[in-house]
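Trainee: Spelled out, the chains give:
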Amino acid sequence: MLARTRTISYAKYGYLFSIPFVLTFLIFHLYPMIYTVVIGFTDLRGIGRTEINFLENPFENFRLIFNNATFRRAMNNTFLIWIMNFIPQMLVALLLTAWFTNRNLTVRGQGMFKVLFYMPNIITAATIAILFQSLFGYPKGPINDVFLTFGWIESPLNFHLQHWTARGVVAFIQFWMWYGHTMIILIAGVLGINPTLFEAAEIDGATATQIFFRITLPRLKTIVLYTLVTSMIGGMQMFDIPRMFLWGGPDNATLTATLFIYNQAFSGSYLYNRAAAASILLFLIIAVLSSILFFVMRDRGAEKLKRKQRQLKRSEKAARKGVVL
Amino acid sequence: MKEQSMTVSRNITKTVIYVLCIFLAVLSIFPFWVMFMNATRGTFEIQQHSVGLLPSTHLIDNMRILMGKTFDPLIGFKNSMLVSTGATFGAVYFSSLTGYALVAYSWKLRQPFFTFIMAVLMIPAQISGIGFYQFMYQINWVNSLWPLILPAVATPAMVFFMRQYLIATLSLDIVDSARIDGAGEFYTFNRIILPIMKPAMATQAIFTFVFHWNNLFIPLILLTDRSKYTMPIMVSLLRGDIYRTEYGSVYLGLSLTVLPLFIVYFMLSKYIIAGVALGALKE
Amino acid sequence: MKRKLSFMVLILLVCSMSVTLFAGGAREEAPKVLNVWSFTDEVPNMLEKYKELNPDFDYEINTTIIATTEGAYQPALDQALAGRGSNAPDIFTAESAFVLKYTQGDAAHFAAPYKDLGIDVDRLLDEAEIAQYTVDIGTNDAGNLVGLGYQATGGAFIYRRSIAKDVWGTDDPAEVRDIVGPGWDKFFDAAEDLREQGYGIISGDGDIWHAIEGSSEKGWIVDGKLYIDPDREEFLDIAMLLKEEDYHNDTRDWTDAWFADMQDAGSKPVFGFFGPAWLINYVMAGNSGDTYGDWAVCEPPVGFFWGGTWVLANKNSPHLEVVGDIIEWITLDSSETGLQYHWANGTLWGPGGTKDTVASGAVMRKSDGTLDFLGGQDMFDVFVPAGAYATGRNKNQYDESINTYWRDQVREYTAGNKSRAQAIADFKQQVADNLDIPID
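Residue numbers (the working numbering), protein chains in the order written: chain A, 1 to 325; chain B, 1001 to 1283; chain C, 2001 to 2440.
Rather than coming from a laboratory, the hints here were simulated on the basis of the structure. Model, not experiment: these values are computed from the prediction. We put the CB at the ideal spot given by N, CA and C, even for glycine. Treat the hints with care, as some may be off.
What the hints assert, rightly or not - Straight line, CA to CA, 25 Å or less: simulated SDA-like cross-link-like pairs of lysine to any residue:
1) Lys2049(C) <-> Arg1064(B)
2) Lys2418(C) <-> Met75(A)
3) Lys2418(C) <-> Thr2404(C)
4) Lys2418(C) <-> Ile2439(C)
5) Lys2049(C) <-> Glu2127(C)
6) Lys2243(C) <-> Thr149(A)
7) Lys1078(B) <-> Leu26(A)
8) Lys2218(C) <-> Ala2425(C)
9) Lys2165(C) <-> Asp2381(C)
10) Lys2243(C) <-> Leu157(A)
11) Lys1228(B) <-> Asp2041(C)
12) Lys2032(C) <-> Tyr1137(B)
13) Lys2268(C) <-> Ile153(A)
14) Lys2225(C) <-> Thr2404(C)
15) Lys1198(B) <-> Thr230(A)
16) Lys2418(C) <-> Ile153(A)
17) Lys2186(C) <-> Pro2230(C)
18) Lys12(A) <-> Ile34(A)
19) Lys12(A) <-> Pro1156(B)
20) Lys1014(B) <-> Phe212(A)
Stated by the list, open to error - Which chain B residues stay away from chain C? Per the calculated CB distances, all over 12 Å, these:
21) Phe1030
22) Leu1074
23) Ser1106
Said to hold, decoys possible - Taking beta-carbon pairs under 8 Å as the criterion, some of the chain B residues facing chain C (in silico):
24) Asn1011
25) Phe1044
26) Tyr1137
27) Asn1140
28) Val1142
29) Leu1220
30) Ile1221
31) Thr1224
32) Asp1225
33) Arg1226
Model the full structure from these sequences, guided by the hints.
Mentor: This is the structure in structure tokens:
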């Protein structure tokens, strides 16, 4: 009984310490969000407008966006480019994680490699886009120069006009900028696994491959899910690279959903209401995709998860005891 | 015999690992190298061959052209520093605080609050983008660095990360013994918990600092006063001289933008090397 | 349920509080400061000169320069105009690609009529002999003049003397004019001659586009609907012909390869470029390398204009009178101390500066356009009459976006990625989807 009252007396700090986060969130994130949602139901377009009216058919903007061929194209591209970058990104990051955390293979220079692999992430998107634009330049550019010198092609190729090359380059840049980041998160996850598990496996004579697939990977599942979801959210919002690289071209091949939204709002007609409606649609799509991911990943390991939850409860209980003691 | 073949296969594996790692490392260095080299090359040279691997002699010319324009690296550096350090500090400190609240205290709304954060994590930034601009203009908060700093205080992804880290590393005994010594809760957090969280804070600080340092679009729309420009805005303006692009000086400007990042990055890189242990996620 | 409700109420309370709280922070107008917004440093530099000429001018000038290349100038300017705070522009400039938005389009309500600035518009227009197209573009729907340019941007064909001599045995502008024009048929005959000798007639299809765009009878929008002028549609075929017959280096304007062609660094030497006087001085002269001095200008096969900067005043500015004085000096003063005289003769900062054609015919008559770049030719002989072809009637506020969509599709067609009909269909789709402009 005494313990209980003391627990409650500390609970107020839980609220207190969350106040800055909650306040900032409400003002700078939630309010603008509500604002955007409201705009999606109005006739707000053009600049310097002060009076705004709700539409007679509240879902008019959504209907128009939904039937907008360019929007559907943009959604398709976004998804394609994300898949094209995420699969190799995850594979490479997992491979590097397996190597760097393998206790038998002490890879020398690991620290340097880790620092270098993360490095592409610190350069501005604009710089990378300019650089790749010149690399694939037409009719003169380093890649064309190389291809011509080796006689692989007869006349320079206009890479910027080929849909798949353009998408491929955007996907490659995304992959290259983020695999180091993903690797660091995954390594953090591996370091959190109880080392006695590995020791036990080694004593039992398990090979490195077995250890990785039987012990490391299953325990990384939640971290993988986390990277999957954050990468998906980031991928669906891809903006800088496609915009700086070819402005969504050629022929809309690298036009992403957020680029489409930007164009609605700023390319000439100031269709703020439709941009807002498109944002909300994008959000709904992301929410649905995330739930699917959570569902798929959860379903397979339901048993284990339950066991883990029981474990968590036990440890939480222990922790609480720790507080009151 | 068996041992020997194992050594051989291990050597092969190691070779593959080193080849791939060196390849990826070169890929990482390459653009930086080209950028620094191009900063020393003349516009004409760059137009002839946009990717050069050797330095040239135009560094001083490029510097002169750069200074002759509206480019003022000192102002850009100061503003970018203010925004990036302010936002990084806000995000890291308050995310740690919120994460701590989620781990160390049991309060009624703890679980709903955590679920709420997870849900918020899924909301794309774009959805609030349009509303955010309109809001900032309404309250006349343009040409101020605050709208670039304050929103960072609420960074759900980092709260999540900090919570996971604390679950993996924090022993509540420490908190308790502090209480017995009569320390206030806030004091305990600042003096005892924060030092424990240093590795997690450093990694997250790198992520956040880089993000804010490179952020272009929101500053571009909100900051219109030249004395408030951040580095990326200035660089984008260099490219924007519609009549003639002085490529050499553009690359020099880009290089100058990256240098401070390099310093911050390498200062904190030991935490990247050491790695942060993150408890397996339980949600 | 009840808890949820109170939570929502709390949120709404916080939201409304935050608005009122921060709104109080809006400052009042600071005195004696002029905010000037532009997309290049030209107008801000002019104001430095204005200060020098008027020692008793005691306003502080606060300039904002945002380049158009990132697409950021217009959104930022629009927000600043709408915001009306102390940062609102007093003077702002607009480029030909989007000036109509600010004179006749969605943002026209911000522009102050020149006569409200205390400018004697009719008398000065007459006296300075301002090119009619800059007046047309700068006149709003109510018939009031709200913006004028200081440049005249009638275009010419700028060609290499040595190549003309090599192919046709002459570099005389009068003779070359009759070889490359008038009309596209003669132009392509000339292209054939050039190709036989291993030259390209132009660098890429973008060069010819500005001539076609500027000379077409109607613009992209007629009666509120998308309209493809036959001249503009023909650009598809011209671009295809250029590519198939190998008449150019297939570059894209404003890219490295395009600049390289100005100094013979492309895959084959290029004979000429289409452009107004500013292209010579601001782009070609700096990029020409060893070909400097080997150029000349002649009348183009079709007349056109390209580019130009219009100067406007914000009608909410508290300093309308001062703004009027400055704008008059820039756009309508045809005396030898007016901006345009300095601008034409390159004497804004002492002799030897960059020369340019200006909007005032009166100024042009007393100016000298001799250039070393052109081997001593007086460029005004060609550019001044070229101004007569310029028209503002085929423009609209969406030009920048629509031109981009159109040229992308033309590029798709010439690259062989899609059929002509498909390119047109996709172009229409783009316009409808992004700009909400009705198509047929």
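Trainee: State for each hint whether it applies.
Mentor: Against the structure, the hints:
1. Lys2049(C) <-> Arg1064(B): holds, 23 Å
2. Lys2418(C) <-> Met75(A): With a Cα-Cα distance of about 22 Å, the restraint between lysine 2418(C) and methionine 75(A) holds, given a limit of 25 Å.
3. Lys2418(C) <-> Thr2404(C): Status holds; Cα separation ~17 Å.
4. Lys2418(C) <-> Ile2439(C): holds, 21 Å
5. Lys2049(C) <-> Glu2127(C): holds, 23 Å
6. Lys2243(C) <-> Thr149(A): holds, 24 Å
7. Lys1078(B) <-> Leu26(A): violated, 29 Å
8. Lys2218(C) <-> Ala2425(C): holds, 20 Å
9. Lys2165(C) <-> Asp2381(C): OK: lysine 2165(C) and aspartate 2381(C) at ~21 Å, within 25 Å.
10. Lys2243(C) <-> Leu157(A): The hint holds at about 14 Å.
11. Lys1228(B) <-> Asp2041(C): holds, 18 Å
12. Lys2032(C) <-> Tyr1137(B): holds, 23 Å
13. Lys2268(C) <-> Ile153(A): Distance ~19 Å between lysine 2268(C) and isoleucine 153(A) Cα, so the pair holds.
14. Lys2225(C) <-> Thr2404(C): Answer holds: lysine 2225(C) to threonine 2404(C) is near 18 Å, not above 25 Å.
15. Lys1198(B) <-> Thr230(A): Measuring from Cα to Cα gives roughly 23 Å; hence the hint holds.
16. Lys2418(C) <-> Ile153(A): Within the cut-off at roughly 22 Å; holds.
17. Lys2186(C) <-> Pro2230(C): holds, 19 Å
18. Lys12(A) <-> Ile34(A): violated, 29 Å
19. Lys12(A) <-> Pro1156(B): holds, 21 Å
20. Lys1014(B) <-> Phe212(A): holds, 17 Å
21. Phe1030: Since the minimum Cβ distance to chain C is about 19 Å, phenylalanine 1030(B) lies beyond 12 Å and the statement holds.
22. Leu1074: holds, 18 Å
23. Ser1106: With a cut-off of 12 Å, serine 1106(B) remains clear of chain C, as the shortest Cβ separation is near 19 Å.
24. Asn1011: violated, 46 Å
25. Phe1044: holds, 6 Å
26. Tyr1137: Holds: closest Cβ of chain C sits about 5 Å from tyrosine 1137(B), inside 8 Å.
27. Asn1140: holds, 4 Å
28. Val1142: At 6 Å from the nearest chain C Cβ, valine 1142(B) passes the 8 Å test, so the hint holds.
29. Leu1220: Leucine 1220(B) check passes; min Cβ-Cβ to chain C is 5 Å, inside 8 Å.
30. Ile1221: Hint holds; isoleucine 1221(B) Cβ to chain C Cβ min 6 Å, cut 8 Å.
31. Thr1224: With a minimum Cβ separation of about 5 Å from chain C (threshold 8 Å), the hint on threonine 1224(B) holds.
32. Asp1225: holds, 7 Å
33. Arg1226: Cβ of arginine 1226(B) sits 7 Å from chain C, so the hint holds.
Checked against the numbered hints listed earlier, the structure breaks hints 7, 18 and 24; every other hint is satisfied.
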